[in-house]
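*Asks:* Order-wise, the sequence lines are chains Y and L. Quick note: the first sequence uses my numbering, first residue 1, plus one each step. Quick note: the second sequence uses my numbering, first residue 1, plus one each step.
Since the hints were derived computationally from the structure, they do not count as laboratory data. The C-beta atom is built at its ideal place from N, Cα and C for all residues, glycine as well. Some clues are possibly wrong.
Unchecked claim - Calculated cross-link-like contacts (lysine-lysine; reagent style DSS-like; alpha-carbon spacing at most 27 angstroms): (1) L:242 <-> Y:191; (2) L:9 <-> Y:202; (3) Y:202 <-> L:199; (4) L:189 <-> L:242; (5) Y:207 <-> L:242; (6) L:43 <-> Y:207; (7) Y:260 <-> Y:354; (8) Y:202 <-> L:43; (9) L:226 <-> L:201; (10) Y:202 <-> L:242; (11) Y:226 <-> Y:158; (12) Y:202 <-> Y:226; (13) L:189 <-> Y:191; (14) Y:191 <-> Y:225; (15) L:43 <-> L:199.
Stated by the list, open to error - Just so you have them, the derived chain Y footprint on chain L, three or more residues with Cβ under 8 angstroms: (16) 64–71; (17) 75–81; (18) 192–205; (19) 210–216.
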Amino acid sequence: MKQLLMGNEAAAEAAIQAGCRYYYGYPITPQNELINYMAVRMPQVGGTFIQAESEIAAISMVHGSAAAGGRTMTSSSSPGISLKQEGISYLAGSELPCVIVNIQRGGPGLGDISASQADYFQAVKGGGHGDYRIIVLAPSSVQEMADLVYDAFDLADKYRNPVMILGDAQVGQLMEPIEFRRKPKETFSPKDWALTGAMGRKRNIVKSFYPVKGQLEEFNAHLQKKYRKIEDHEVRYEAINTHGADVILVAYGTSARICKEVVRKSQQMEFRVGLIRPITLWPFPKQFIRTISGRATCILTVEMSAGQMVEDVRLAVEGRCAVHFYGRTGGGVPTSLEIMKKIAEIVPDNLVAKVHGVLQLVEAK
Amino acid sequence: MQTLYEKPKAMFDTPTHFCPGCGHGIVLRLIAEIIDSWNIRGKTIGLAPVGCSVLAYNYLDIDMCEAAHGRPPAVATGIKRVHPDHFVFAYQGDGDLAAIGTAEIIHAANRGENITFIFVNNAIYGMTNGQMAPTTLLGQKTVTTPSGRDAVNCGYPIRICELLAVLDGSSYLERVSISSPENIRRTKKAIEKGFKTQKEKKGFSLIEILSPCPIYWRMDANESMKYIDEEMTRTFPLGVVKDWEQKKSG
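Chain L extracted, bound-state conformation (with noise of 0.2 angstroms):
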């Protein structure tokens, strides 16, 4: 019998902390199926963020390091220049690279890090029981925005890639969604072109993944996956937004 399908050796057999209908699983596993197929698990070190995903190192069998509110790029860099030939990936979410660690990312990326950034926007606070994000949609209500996101009172959602794109120090940028099975595909194979940068030592790489947060967006797991397709991407347009392969061929 041929097994198609298994639990990747590079996460451990162990139930996750995460919501009912959360995507981090998803995006963690992925993470994990690539250091497997690629036998990097010792030459990769992974930064753990804050929030919902602080306890990555939980599920990962690899060397990680947990970092303040924010601080992961910083923390990263300060890895990678000891270990400039290991894999360094750091995994944040919306409010830890688009809030607090805006500078962090944006000057990891002006300098062409060598690192691969997993950016999970669900567009909310989840840890903190659900407040708006640098990243809430307009109109989308949140415990902070109970009316729901107004420009005029708290400005508009941050497209961290578009932002990063005029950079010259970054690589590769790409925007992907787990709502669906052909998505969570297209999302590892993002992960594996940003662990390519780093191998081909092309700088600075992030893969945005739109993933849900159903417990508090209040809904159930498929709307929060309809919500993905319908909502989410008018404000943050999925696919490649910065290429080093295609300027060069281009």
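Isolated chain Y (complex conformation) (with noise of 0.2 angstroms):
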């Protein structure tokens, strides 16, 4: 049965689904209506849920449910995801599984609570101190948003890693229909590791402290062994027309919604533009971009921000074709008709006329 739902409400059902029972978190648009809706649901379902004193005192709560073993979700939005990076260092130190849920907004600083894509960096390359990674999910829809928040639950477990959903006020207030395809979680692999008190069994501790020399970094030898493996066998993505395309976009969440309307306007004049969207954006789709980059003519990135993603974008290219870039920063969105512009600038001179057909349809729209 199909419901209409808004990407946050989305979120919070399919976390409730995937068998969260432990949810902190702390206001901040544009997030509210997953607070406000664990708020009601949790208790209905026999959880917890307490709005923390602040987003820190949230994910340390997040901290405390991950280690006594039970399924644990926080939200927020940019500015207080950059207060939770303390927490998430520590969670992937102590290698919790959790959910954090980053429906961003403009920034840097209090910024605007209008859409933006400027987290990046801090979702992917760690955010917090130290070596580590979190897994990364990106939906551009409200179904996917359900789909993976629920993925997001055993991909914590499966890796003991904390996971995040990165979003955005686009995709988070967006009603649309979804269903929800599985079944609600029942079943959940042990933690034999988790602190339960120590009965009957030597005690567990959960810690990311390794004080004696050469200890902690083997550790981390240990970490970057496991994140190699998520590398090996998480990697997501969606490609479209990517075969033989003149111009490939690089897009993900609300970026690669606008960048699929490009794509449907350049098929109807015969210009093929190809779009990767990656889904996990760590790990990176980086070997898929650098096989397509060496049949490609360019590869056009196209963010809501002032260029993050497309530095990983280049770094799987390697040189193999030009790699362009089209941002909006500050809450503002890509149009189709901007993307085409941009398009018409980078395409050899042969494909122009081409090109000049589509933005003549899109802008008659």
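Two chains, each in its own frame: build the complex with the hints.
*Replies:* Okay, here's the thing in structure tokens:
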């Protein structure tokens, strides 16, 4: 049965379906629908909802519930996620599974409350202190928000690692009809490392402190090995018309929705535009982009930032073709017309006429 | 032959890293004794702090979790919500609890979290080589108050028990010290009362323990104990500050 839900509500309901019973949050726009939903639903399913005194406290409560073996989640938006970075580093360092939802808004600083993708660096490059990675999933629809939040809990448990859902104000507040396709989760893999009281067993410790010389380096080597395993097994992306494309767009989340419009319009004029939409931002689909770039004329990365993911695209491409960037910042959302204009600037001369045909089509709309 | 005193079972037989004359070893031992006598090793979860006592999990043979600076009350909250019938306690120093973690302890108390907090107050930052703590006494010399703490520049020592007492969510607050065998026995009783508060689901309990740091107080062990009795207790008077049992009977 389809339901009309907002992205933020879908994330909350999907978490509950995935067995999350410990939610800790602090209000911040544009993710308030998520915390509000949890306040109503968590008591109904016998779960815990706490409106924490701060983002730092909320992520620390997540730390405690994760250490105690519970499925746990917090959510916030950009300035709030900055505050949570202390806890995220500890969670990664303590190898604790949890889900963190970031519905991004414009920044830096207080910024504004409209959609942005400017937290990409913070999400995929660590964000807090130390050598660590978190799995970052980027939904571009309400349905995908639900599906990815559900998956995020399993991925978190599988790798004992925090997972972030990196959305933005548009995906968070958009309403679309969706379906909860998975069965509500009832059985979970045992967590023999969790803190449950040392009844009849050796005690467990959840920590990230390794003061004896050499121990921390060994632990970091273990973490890096785990991260390579995640890179080998968990890359997800959507590829549309990438085969034989004249121009390939790379975009995620809301930007990718707009890029899809460009792909559709171009098809009508027989101009071949492809789209690579990374679903996991870390691990990044660098292998696929690398392969495609050997055959492409040029790549255009589209983001709601001053250019963050484009750096990972360039690293993947390693000079095999030209990589261009179009971005809007501070809450600005790229339009299909702007993207087409940018494409007109970057394509070889023989394709300019075709691009102008598409441009007229887009403008006519 | 009757054994009067032995190593608690909940404590590993390992030398501690604490400085000579430090109070942490005594307090950790008291906790281990209580876990033994209450037979609750299987349903106790402890929170290790940052600072000198971060290695508490090297000494206590129970499930333990680490928390970031000041965050044990929030982490403990997350644990307790998963295991509401377990004994959860957090072990915190004065920097952890009264500076960087002030918000967390106030709100855990205000929510009436059914958790016991062991607050070891030695009025100084030991781990980082003797800087001023929020609880440093007026006039006390530390490396960051080289001419003595001056209220005009640094404010006043924070009295945590009195501060938390005004919150409706706090149930049991007592300040004790470990300056003498008699005071150590009182400290043990106070910690037991904290555990009893949890057992009976009466809410938030905190035991503030005045404890020596001879190295950074620049004193020997005996002088340190005397300093607790004669100087610290003037700013931090010993005794029960709030007690749910007394409230009931009174």
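*Asks:* Each of the hints needs a verdict: does it hold here or not?
*Replies:* Comparing the hints with the structure gives:
| no. | hint | verdict |
| --- | --- | --- |
| 1 | L:242 <-> Y:191 | 39 angstroms, violated |
| 2 | L:9 <-> Y:202 | 13 angstroms, holds |
| 3 | Y:202 <-> L:199 | 24 angstroms, holds |
| 4 | L:189 <-> L:242 | 15 angstroms, holds |
| 5 | Y:207 <-> L:242 | 33 angstroms, violated |
| 6 | L:43 <-> Y:207 | 19 angstroms, holds |
| 7 | Y:260 <-> Y:354 | 18 angstroms, holds |
| 8 | Y:202 <-> L:43 | 13 angstroms, holds |
| 9 | L:226 <-> L:201 | 37 angstroms, violated |
| 10 | Y:202 <-> L:242 | 37 angstroms, violated |
| 11 | Y:226 <-> Y:158 | 11 angstroms, holds |
| 12 | Y:202 <-> Y:226 | 25 angstroms, holds |
| 13 | L:189 <-> Y:191 | 35 angstroms, violated |
| 14 | Y:191 <-> Y:225 | 20 angstroms, holds |
| 15 | L:43 <-> L:199 | 11 angstroms, holds |
| 16 | 64–71 | holds (count 6) |
| 17 | 75–81 | holds (count 7) |
| 18 | 192–205 | violated (count 0) |
| 19 | 210–216 | violated (count 0) |
Hint check: violations occur at hints 1, 5, 9, 10, 13, 18, 19; the rest are consistent with the structure.
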